[in-house]
Amino acid sequence: MIAKMFRVNKKNTIGYFFLKLGALALLVFLLDFIIGSVLRHYYFKQESGLLYRTTYAIEKTTDEFLVFGSSRANHHYHPEIFENQLHQSYYNVGRDGLGILYHYAVLKAVLKRYTPKTIVLDFIAGELDKDAQSYERLSCLLPYYKNHPEIRPIVHLKSPYEKFKLCSSVYPYSSQIFTIAAGNAEFNKKRRADLKGYVPLWGLWNSPAVVRNRAEEHKLDPNKVKIFESFIKECRQNEVKLYIVCSPYYDKSRQNDPSLKKAAEIAKNYSVAFFDYSVDTSFTNKNLFFSDAEHLNNDGARFFSGRLVKDILLADKKPERAHAHIKS
Amino acid sequence: MLFNSIEFVIFFVVVTTLYFSLPYNRRWLLLLISSCYFYMAFIPIYILILGFTIVVDYFAGIYIENAKGKRRKLLLITSLVANIGVLAVFKYWNFIVDNLSYLLKGFALDNPLPHLSILLPIGLSFHTFQAMSYTIEVYRGHQKAERNFGIYSLYVMFYPQLVAGPIERPQNLLHQFRERFDFDYDRVVSGLRLMLWGFVKKIVIADRLALYVDAVYNNPDQHGGLTLILATVFFAFQIYCDFSGYSDIAIGAARVMGFKLMTNFNRPYFSKSISEFWKRWHISLSTWFRDYLYISLGGNKVSIPRWYFNLFFVFLVSGLWHGASWTFIIWGALNGFYLVFALWTQGLRNKLNKITGLARLPQVHQAMQIAVTFFLTCFAWIFFRANNVDEAFTIISKMATLSGSLWYESPSMMIYSFAAIFLLLAMESKQEYYKGSFTLMHNKNWLVRNLTYAFLIILILLVGVFDGGQFIYFQF
Numbered sequence: 001m002i003a004k005m006f007r008v009n010k011k012n013t014i015g016y017f018f019l020k021l022g023a024l025a026l027l028v029f030l031l032d033f034i035i036g037s038v039l040r041h042y043y044f045k046q047e048s049g050l051l052y053r054t055t056y057a058i059e060k061t062t063d064e065f066l067v068f069g070s071s072r073a074n075h076h077y078h079p080e081i082f083e084n085q086l087h088q089s090y091y092n093v094g095r096d097g098l099g100i101l102y103h104y105a106v107l108k109a110v111l112k113r114y115t116p117k118t119i120v121l122d123f124i125a126g127e128l129d130k131d132a133q134s135y136e137r138l139s140c141l142l143p144y145y146k147n148h149p150e151i152r153p154i155v156h157l158k159s160p161y162e163k164f165k166l167c168s169s170v171y172p173y174s175s176q177i178f179t180i181a182a183g184n185a186e187f188n189k190k191r192r193a194d195l196k197g198y199v200p201l202w203g204l205w206n207s208p209a210v211v212r213n214r215a216e217e218h219k220l221d222p223n224k225v226k227i228f229e230s231f232i233k234e235c236r237q238n239e240v241k242l243y244i245v246c247s248p249y250y251d252k253s254r255q256n257d258p259s260l261k262k263a264a265e266i267a268k269n270y271s272v273a274f275f276d277y278s279v280d281t282s283f284t285n286k287n288l289f290f291s292d293a294e295h296l297n298n299d300g301a302r303f304f305s306g307r308l309v310k311d312i313l314l315a316d317k318k319p320e321r322a323h324a325h326i327k328s
Numbered sequence: 001m002l003f004n005s006i007e008f009v010i011f012f013v014v015v016t017t018l019y020f021s022l023p024y025n026r027r028w029l030l031l032l033i034s035s036c037y038f039y040m041a042f043i044p045i046y047i048l049i050l051g052f053t054i055v056v057d058y059f060a061g062i063y064i065e066n067a068k069g070k071r072r073k074l075l076l077i078t079s080l081v082a083n084i085g086v087l088a089v090f091k092y093w094n095f096i097v098d099n100l101s102y103l104l105k106g107f108a109l110d111n112p113l114p115h116l117s118i119l120l121p122i123g124l125s126f127h128t129f130q131a132m133s134y135t136i137e138v139y140r141g142h143q144k145a146e147r148n149f150g151i152y153s154l155y156v157m158f159y160p161q162l163v164a165g166p167i168e169r170p171q172n173l174l175h176q177f178r179e180r181f182d183f184d185y186d187r188v189v190s191g192l193r194l195m196l197w198g199f200v201k202k203i204v205i206a207d208r209l210a211l212y213v214d215a216v217y218n219n220p221d222q223h224g225g226l227t228l229i230l231a232t233v234f235f236a237f238q239i240y241c242d243f244s245g246y247s248d249i250a251i252g253a254a255r256v257m258g259f260k261l262m263t264n265f266n267r268p269y270f271s272k273s274i275s276e277f278w279k280r281w282h283i284s285l286s287t288w289f290r291d292y293l294y295i296s297l298g299g300n301k302v303s304i305p306r307w308y309f310n311l312f313f314v315f316l317v318s319g320l321w322h323g324a325s326w327t328f329i330i331w332g333a334l335n336g337f338y339l340v341f342a343l344w345t346q347g348l349r350n351k352l353n354k355i356t357g358l359a360r361l362p363q364v365h366q367a368m369q370i371a372v373t374f375f376l377t378c379f380a381w382i383f384f385r386a387n388n389v390d391e392a393f394t395i396i397s398k399m400a401t402l403s404g405s406l407w408y409e410s411p412s413m414m415i416y417s418f419a420a421i422f423l424l425l426a427m428e429s430k431q432e433y434y435k436g437s438f439t440l441m442h443n444k445n446w447l448v449r450n451l452t453y454a455f456l457i458i459l460i461l462l463v464g465v466f467d468g469g470q471f472i473y474f475q476f
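As given, the protein sequences belong to chains A and B, one line each in that order.
So in my numbering, the last one in the first sequence is 328, and the numbering has no gaps at all.
So in my numbering, the last one in the second sequence is 476, and the numbering has no gaps at all.
So that you can see chain B by itself, here it is in the shape it has in the complex:
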């Protein structure tokens, strides 16, 4: 069930109404049943995979808590292997087989491993990572093992964040299923407001930009450099609005019922460095990798070369997390390289800023930093969006020559796309730089506030793309 569908609107209204009508101690059961229904609306049989990881991690949690010494570690490894095993089979198997075949071909050998014709379960990487964070936290002693199987299942399956995050931690989410949330007008309105903005981001901005991006990126050979540059910039905004729109709807839907989910995006395109970008983009995944991989590798409390390796490696894995393709691995590696390069050249850049006088012009310096970060991010997005590595390099070489004229199907296509980006930047610039000044959605005047909501709803009806399809991050 897609968030941007009428089915979801009906589902949300029914579940939320039932939620507030039920006694507190029965609400988790309603949420569990509705989450199962929500997930089974995609491919019903895949709930068995989810069921498998839930059973493994539920018992692993209890056994880990009770175990001591090496047995404790062994149980954690068993749980992690089961989770990563599911990912390996369903997400990476064919990628491994293809690459192995390619490698063996070089030695004139046949690959004995077969290709699997299976569809990737929706949001597999998200709920697998959430499940893994539970067993790791129990192992580290930061979280008590959950004894109620239903509540643990709900922790993995909570429908707002089941298929595309935010990837929650047990310390933040598990206890909330036992809390008593009364109907709170301000909280409900705040949740609905966030959902509305999420819908605008997805239906009005992301799906609108996708029309241009898909037309260009699916036929890069037929387009010139200028068109490809514009499509890449559009993709940067498309993927942001697609994913952060999903997160807004998820966080908003949970907030209506009283749950607090972690912030996943914080206006990333205003970042002044790649390091800052990753503190503002997909925060729940970045912090997951920081807490469970980067720190386990030693973090920055190691020698400088090892520190650089740790950073690069984490981003390489993060690329692989996104998809079983070399394009994602290169995307991850590029981001890792950016970070390492930025650290390595920090001193030199500081000196340059002093020499050129940029240090004395903080606003100009900041604007330049934002522009450079956006440029670097867009360059990496080429690999993320391209259908394969060859196409990515074709696109880059065409961009470098700025060849060809700018393609567009109709002038209105461009007007809608630029207007959509302008709307986003206007909203986010205000949030970023003019906090506390005049607000529309939070205005004290009832009419101004409600006219803004009404305007956004009409905007969806008037310029929304209603057949835009699923969220990009569902495939991960």
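Extracted from the complex, chain A is given alone in its bound form:
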């Protein structure tokens, strides 16, 4: 009976069905390969824009001073000030909306190619909190999965099936057609230029201080805590000078943030400098420095960068300054 079912020349048999399914699979494979190859070509052809900055960070940086972090890293560290005062070439590898999992993957890729002298990791409040989105956002690493085995363990954190999904050539570029098109059209270059990865923000934050209710329960994500420690360990092993920095916020609601507390504790254990400006009164409620409640504008970034350089130089001379919760 089973042999009968698997015959391929009769319509109502499983064999016939699989034959047709195989033909469809071939068609899907061909289309997937062609479209995927076109997208890959144009993805890596970009020379500006958001996606290009990740490619540059992973595959092209050669600078001595690197800034890691999310959008706050991207907008808060002015290259001119660091280059002039620390005499090191600068690049900002920060990317909007991404957290420690992404930063660690980029670090692994960078360290595979060369060893920068200094790294600043911009650490945000809630960085180590449990949050499914930070895993979903690892999608931005998928285009690099094929050629960068060092980032694969991080991509696998996204889901146990990621390896299988990546059999598709199109999947790594899912939902990125328009961003790739914009990158190739140099749309972002015209709209929002970056200066060595630093993207200045303009405008003033005119709204009153919004002290948010942060009483909700924060749960730390053990994966993220582990990765954060690995980030520190990698820097130490490669003799990279690491500074972990929580840059300023407009309001003071992050005062007791569990992620910040945990990060400070870990940094102390590894004797790594940790500067917390989250409630620094030089910045809180100063409209002139902010573009929105989370981000400094260009003036704020210049002022903050100057402050940070001073603190870095001071900490290098007096290591006890390296674990400061800066309040004024």
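Careful: at least some of the hints might be erroneous.
What the hints assert, rightly or not - Here are the simulated distance ranges between beta carbons: (1) L19/A with G436/B: 24 to 32 Å; (2) F33/A with E276/B: 43 to 51 Å; (3) T62/A with A400/B: 52 to 60 Å; (4) L204/A with L352/B: 49 to 57 Å; (5) E136/A with L447/B: 34 to 42 Å; (6) E276/B with F164/A: 40 to 48 Å.
Stated by the list, open to error - In silico contact screen, one side only, chain B against chain A (beta carbon under 10 Å); selected entries: (7) I6; (8) Y37; (9) V56; (10) D182; (11) F183; (12) V189; (13) W446; (14) L447; (15) N450; (16) Y453.
Source of the hints: derived by calculation from the structure; they are not laboratory data.
Ideal Cβ placement from N, Cα and C applies to all residues, glycine included.
Once you've looked at the hints, dock chain B against the given chain A.
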């Protein structure tokens, strides 16, 4: 286990392969075991709740069949109370406690009832209603009581429709578990085709629109009227594609194995009236309420005021069925009001159509009717989606002023969203108005047909939202 997950794809392939490899008389057992596994993939312990209602209704069915007179009715009531009791505890308890507390506060009294910290079992309202339809049908004499406990359990637990319907009737589903379904190529392909379209609806359309809707509806204070209007329109399409996508996958998965489940959606946004909308939207629930509540209340064979009351009441209960919140109750009441108002003004509207000449322009009239129905439905969806009643009214007041500029995170967000809606409307307009003309998925040419399937699969990979999460109706 979510339909839009790799786990489900593996599960479906394994179960279907085993299903066709087993002798006919053992297949129900495989389906029962796999349905238990499917349900336990959510929260395993909750299978005990399902087990409780299954045991109660199984014996109730047999006893009802054997009983006569008042005892028969008493047994039905016992079964219904057990089912509704489970719903009351797990779904409505905290809602009742909260409202009681609010009420007692007015009299300076404390509420003695405690809050329960329990999670709502997935799809509780769906399988409870399916179980209730069994005992009611046995009571009415339309269905023989099922003696095989395993097959009865499978009727309640059949995995394709276990957590979000369609809510089946015993007359349609029970006998199918004993039928012999051979492997039929056309039927299997038709089932898979429906599943593929369901996946497109969920992953490409619903979850894409959800990105915008969630961003706006979770912070309505920070958005202007235009943004809120767009988010509401997007939500109308999101919820349709989310739920009908689930139904398509469920019906398709069952069809592959040979089972025929009832149609649950029939292009509802082409409805020309609210009454028609409810004949096309969540058909299995609408007909459930019609058969077991509306008709029991007397239906339309009563005085006109009572008829209006019956309609309104049924929709009020339907709102409550969706969730233990005032937002759902208002949503149900609004729909009830629309229906009653439409009946009440029928004559007047007919006269107006004649006076304005609309009656002589049927296509313009139809387009206007569709637009008005869509507008009314969208207005009701505000309450369905808003996090609470206060927010719903804030949203409405902001919409009325059309304040603020249109928010969007990136231009691509809007392009994907509008393209997704366009794809849906193109497919559905074709099905609605151009039946029998050129088809893609049903084309006679093998290449055209398979290129369409391949295109849809690539579309999922290319623009699908893979981390979209669970279906909206699971919470009910």
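Using Cβ atoms only, decide whether F183/B comes closer than 10 Å to chain A, and label the hint accordingly.
holds, 6 Å
Between E136/A and L447/B, is the Cβ distance one that fits in 34 to 42 Å?
holds, 36 Å
Should the hint that L204/A and L352/B are 49 to 57 Å apart at their CB atoms be regarded as holding?
holds, 55 Å
Distance restraint evaluation - E276/B, F164/A, Cβ atoms, bounds 40 to 48 Å:
holds, 44 Å
How does the Cβ-Cβ distance of T62/A and A400/B compare with 52 to 60 Å: does it lie in that range?
Distance hint for T62/A, A400/B holds at roughly 57 Å.
Against chain A, run the beta carbon of L447/B and see if the smallest gap drops under 10 Å.
holds, 8 Å
Go through the hint on V189/B and say holds or violated, using the shortest Cβ distance to chain A against 10 Å.
holds, 8 Å
That 43 to 51 Å hint for F33/A and E276/B (C-beta), does it hold up?
holds, 46 Å
Hint validity - Y37/B Cβ closer than 10 Å to any chain A Cβ
violated, 18 Å
Status of the N450/B interface restraint (C-beta, 10 Å, chain A)
holds, 5 Å
Verify the interface restraint on D182/B: the C-beta must sit less than 10 Å from at least one C-beta of chain A.
This hint holds: D182/B lies near chain A, its Cβ roughly 7 Å from the closest one there, short of 10 Å.
When the nearest CB of chain A is found for W446/B, is that gap smaller than 10 Å?
Holds - the Cβ of W446/B comes within 10 Å of chain A, reaching about 8 Å at its closest.
This entry does not satisfy hints 8, 9, going by the numbered hints stated previously.
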